[in-house]
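**Q** For reference, the chains in residue letters:
Number of protein chains: 2
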Amino acid sequence: MKLSISKEHLNESIGHVSKAITSRTPIPILSGIKFDTTEEGVRLTASDADITIQSFIPVEKDGHTIIRVEQEGSVVLPAKFFGEIIKKLPSNEIEIEIRPPFQATIRSGGSEVQLVGLDPEEYPQLPVIEERKIVSVPGDLLKTMIRQTSYAVSTSEATPILTGVLWSLDEQGLKFISCDRHRLAQRETPLDASTEQYFRGVVISGKTLNELSKVIPDDHSLTDIVVSDNQVLFRMDNLLFYSRLLEGTYPDTSKLIPNQFQTEIVVSGKLLTEAIDRAYLLSREEKTNIVKLVMNEDQTLEISSSSSEIGKVTEMIPVESMTGQLLKISFNSKYMLDALRVIDSEAIRLGFTGAMSPIIIEPLGETKVLQLILPYRTTN
Amino acid sequence: MKLSISKEHLNESIGHVSKAITSRTPIPILSGIKFDTTEEGVRLTASDADITIQSFIPVEKDGHTIIRVEQEGSVVLPAKFFGEIIKKLPSNEIEIEIRPPFQATIRSGGSEVQLVGLDPEEYPQLPVIEERKIVSVPGDLLKTMIRQTSYAVSTSEATPILTGVLWSLDEQGLKFISCDRHRLAQRETPLDASTEQYFRGVVISGKTLNELSKVIPDDHSLTDIVVSDNQVLFRMDNLLFYSRLLEGTYPDTSKLIPNQFQTEIVVSGKLLTEAIDRAYLLSREEKTNIVKLVMNEDQTLEISSSSSEIGKVTEMIPVESMTGQLLKISFNSKYMLDALRVIDSEAIRLGFTGAMSPIIIEPLGETKVLQLILPYRTTN
Chain A
0 MKLSISKEHL
10 NESIGHVSKA
20 ITSRTPIPIL
30 SGIKFDTTEE
40 GVRLTASDAD
50 ITIQSFIPVE
60 KDGHTIIRVE
70 QEGSVVLPAK
80 FFGEIIKKLP
90 SNEIEIEIRP
100 PFQATIRSGG
110 SEVQLVGLDP
120 EEYPQLPVIE
130 ERKIVSVPGD
140 LLKTMIRQTS
150 YAVSTSEATP
160 ILTGVLWSLD
170 EQGLKFISCD
180 RHRLAQRETP
190 LDASTEQYFR
200 GVVISGKTLN
210 ELSKVIPDDH
220 SLTDIVVSDN
230 QVLFRMDNLL
240 FYSRLLEGTY
250 PDTSKLIPNQ
260 FQTEIVVSGK
270 LLTEAIDRAY
280 LLSREEKTNI
290 VKLVMNEDQT
300 LEISSSSSEI
310 GKVTEMIPVE
320 SMTGQLLKIS
330 FNSKYMLDAL
340 RVIDSEAIRL
350 GFTGAMSPII
360 IEPLGETKVL
370 QLILPYRTTN
Chain B
0 MKLSISKEHL
10 NESIGHVSKA
20 ITSRTPIPIL
30 SGIKFDTTEE
40 GVRLTASDAD
50 ITIQSFIPVE
60 KDGHTIIRVE
70 QEGSVVLPAK
80 FFGEIIKKLP
90 SNEIEIEIRP
100 PFQATIRSGG
110 SEVQLVGLDP
120 EEYPQLPVIE
130 ERKIVSVPGD
140 LLKTMIRQTS
150 YAVSTSEATP
160 ILTGVLWSLD
170 EQGLKFISCD
180 RHRLAQRETP
190 LDASTEQYFR
200 GVVISGKTLN
210 ELSKVIPDDH
220 SLTDIVVSDN
230 QVLFRMDNLL
240 FYSRLLEGTY
250 PDTSKLIPNQ
260 FQTEIVVSGK
270 LLTEAIDRAY
280 LLSREEKTNI
290 VKLVMNEDQT
300 LEISSSSSEI
310 GKVTEMIPVE
320 SMTGQLLKIS
330 FNSKYMLDAL
340 RVIDSEAIRL
350 GFTGAMSPII
360 IEPLGETKVL
370 QLILPYRTTN
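Chains A and B are the protein sequences, given in the same order. Residue numbers for the first sequence follow numbering that gives the first Met the number 0, beginning at 0 and rising by one. Residue numbers for the second sequence follow numbering that gives the first Met the number 0, beginning at 0 and rising by one.
Only chain A is shown next, with the shape it has when bound in the complex:
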C-alpha cells in the first residue's frame, strides 16, 4: 500500500471513526483503525464490537484531488497514536507506505513516523445487515430527537434495557422513548412509510446515540436508518455507523402518561428554567435536589428549596395561564432542568394530576415532545 493524502480530510475521517474506539478493549486489534486503500479512495474502519464506524475518503472531491494512490492495500494502525500524530504533522500532504509485514512509514515535511501495523485479515468483518427496512430522516431532526430523549436513559447496569432508547415506526410516525424509572422522555415525528418498513421494540444504547449524534451532519441531508433483527445501520454521506441493538423487552410505558390533568399551567420556559436553576443550586447542597412548587391564586408560581445549613431560595414567577386545582408538589430539580433544557420552546405547558402523580412537561405548539418526571413524596 502506498499513497499520499490530504491531512485535513484524513483528520476528519479519523475523528469520525475514532468515536468507536474504547481505551481498553479486550480484543487488541480493536485498538486499531483499519485502513483500506483502493483506486476509489481510502476506507477507515473502527469498532468496539458493539458499534462500528466506517468512513470513506474518495480520491477526488469537487474536482480537488484528495488522495493519490500508488499502490492499493490494507493495514491496521494503532488508533490513538495514529490520530494524534496525523493532527500534528507539519505539512498538509501526508505520504503513507506499508512494507511487509505491516510496517507503516508516514512522511510529512521533515517528519518521518514508523508505525508497527497489524494484519488487516485479523480485523473483524463488518456486520451483515439485511437492507429491508430503510427509512430516511433529515440529520438535524434526528439529532434533535436523540437530544430530547437520550438524556433520560438509565445509567444503572442493573436494568440494561433501560440504558437504551426505544425506537418504533408505524402509522403515527417515528417515536423515541426513554425512561429511567424516575422520569420519561418521548419524542414523535410524522414519517411517511409503508407497513413493510414499520418496526417496533428496537432499543439502541443511549451512549451509542450520543456518539452517533456527533457524526451526523447538522443540516437537512438525509440519514438512512436500516433496521435488522439485532443491528441498526445509519448511513450518511461517506459514513456508515453500525450499532448492535440492546437485547430484551422494553417495558410498556404508555400507562405512565396521564390522559387527563387536574391542573394545567402555561409558563415562560426561560423564567421557569432560571428560577428552578437557582432553587436547584441550594437543593444540590442537600444532595436531594428537592424543590417545592406552590401554585398561588394570584396566577403566580412559588418555587423554593431550603438547606438547614445554608438557607432558603424562594422564587416567584408569573404564569401565562393556569387552569384547574391549585397544587403543592415537590420534585427533583435536576430532572426538571434536564427536561426543560431539551424542549426548544418559549412557552411550556405543565400538566399535573395531583401531588403524588407524574408531572408532564411539554412545549406549547405542534412538536410532539413529552417529558415526564415523578414527584417526590414529601409530607409538607
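The hints are simulated quantities; they were obtained by calculation from the structure and are not laboratory data. Given the structure is predicted, the values throughout are model-derived calculations rather than measurements. Please note that the accuracy of each hint is not assured.
Copies of the same chain look alike in the list, so a pair counts if it fits in one copy or across any two.
With a straight-line cut-off of 30 Å between C-alpha atoms, the simulated DSS-like cross-links for lysine-lysine are [as the list claims (entries may be wrong)]:
#	residue 1	residue 2
1	K291	K86
2	K333	K18
3	K286	K6
4	K269	K6
5	K367	K213
6	K60	K206
7	K6	K132
8	K132	K213
9	K269	K86
10	K367	K206
11	K174	K1
With chain A's structure known, arrange chain B on it following the hints.
**A** Coordinates of chain B only, in the frame set by chain A:
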C-alpha cells in the same frame, strides 16, 4: 447592614476573592466571604490562612452609582453558594439586608434568598505587614515573569521550599528562580530600587503565584509588591493579595548554570517546539518522555523517540546556526516543551556542555529568561 449593589461589580469582586477559598478548610469560618459595608463601599475578604484576598467596591465609579448604602455593617456569608447564586440572580440590582444575628436576605427580581451568615468578629484579622520594602512592577510584566518560572516548581511536598519561586531584588533588578531538581527556570528584569528596598531569599508558593496571576490586570497598570519577613502583599487597584512566605532556605542554584558552552545552536522556536511535540507524543506512550537529539554536520537537528510497541518518530529540522562540537543528547521532552512554551521568542538559543550536562534554553534577544533541563543519562 442594608444596601443595594450592581450584580456585575459584586460578581467580579467575588470572582477575585474566591481564589483564596479552598473547598475543605479546617477552619469553618474560612469557608465564608467576609462582607463589610461602609459609607465608602463594600469590602470582600476571603482567606485560606496562607493567602488572603481583599477586594473593594466603591459606592461610585466613573460617575456611575454601584452601591447604595442604607445601613453599614458586616457579615460572613458561605462563599461557594453565595458566589454561585449571585451569578444567576435575575436582575442587575441586588438588595442585601442583614438582620440579627447574622441572617442575610438577598433580593433580586422575583428571587429571594435567605442565607445563614456567621459572626464577622470571628473572622481572622488581616495580616499586619510593615510597609518598608515596596516596589512597583507593571501587571503584564509580573504575569509574564510568573508564567516563565512558576511552571518549573517542584510538586513534591518532600522538599516544600522547592514548591515555591525564589524572589530577590538587588542592583541587577528583580529575579525569579524555580527549580525541581530536574529543571530550572530563571527570569530577571531591570528595576530601579534603592538599597533599602532590596530583598533576597523570599520564596512564594508556585500555586499562590498562579492564583495571583489570575487577578493581576493584564495591562501596564502597576502592582505594588510589599515584602516583609514572613508575608508578601500585592496591591492592585481596589485589590489586596496577601501571601505567607514559604519557610526555609532556598538552595543555591547558581552553580547549576554553565558559563561556557561546548555547543551553541540557534533554531526557530516554532519548528523546534512542533518537532519535539510530535516526538513527545510517542515518548509519552513509553511513560519516559525520552527524546533524543542528534546534531548533524549538514546543520540539521535530528529529533527522535521510539516505542517498542508502536514505532518511531524522526524529525529533521534546519538550524539557523550551530557552533562547537556535534553532540547526541537525550532529555525529557515534556520538560523541554514546558520550557519552550514559556519563552516568547521566534528564535531560541540552545547551549550544551556535553551529553551529561544541563541544557540551556534561552530566547535570542535582550529578555533575560533562562530555562535549564538536565539530560537523561542513556547509553546510546
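**Q** Decide, hint by hint, whether the structure agrees.
**A** Status of the hints after comparison with the structure:
1. K291 to K86: Answer is between; shortest inter-copy Cα gap is 22 Å, intra-copy 50 Å.
2. K333 to K18: both (28 Å within a copy, 27 Å between copies)
3. K286 to K6: For K286 and K6, the Cα distance is within 30 Å only across copies (27 Å; inside one copy 48 Å).
4. K269 to K6: between (43 Å within a copy, 20 Å between copies)
5. K367 to K213: within (23 Å within a copy, 47 Å between copies)
6. K60 to K206: neither (32 Å within a copy, 51 Å between copies)
7. K6 to K132: Neither, since 37 Å and 57 Å both go past 30 Å.
8. K132 to K213: Cα proximity of K132 and K213: one copy only (24 Å, versus 58 Å across).
9. K269 to K86: between (40 Å within a copy, 16 Å between copies)
10. K367 to K206: within (23 Å within a copy, 52 Å between copies)
11. K174 to K1: Classified as neither: same-chain Cα gap 47 Å, cross-chain 55 Å, threshold 30 Å.
Hint check: violations occur at hints 6, 7, 11; the rest are consistent with the structure.
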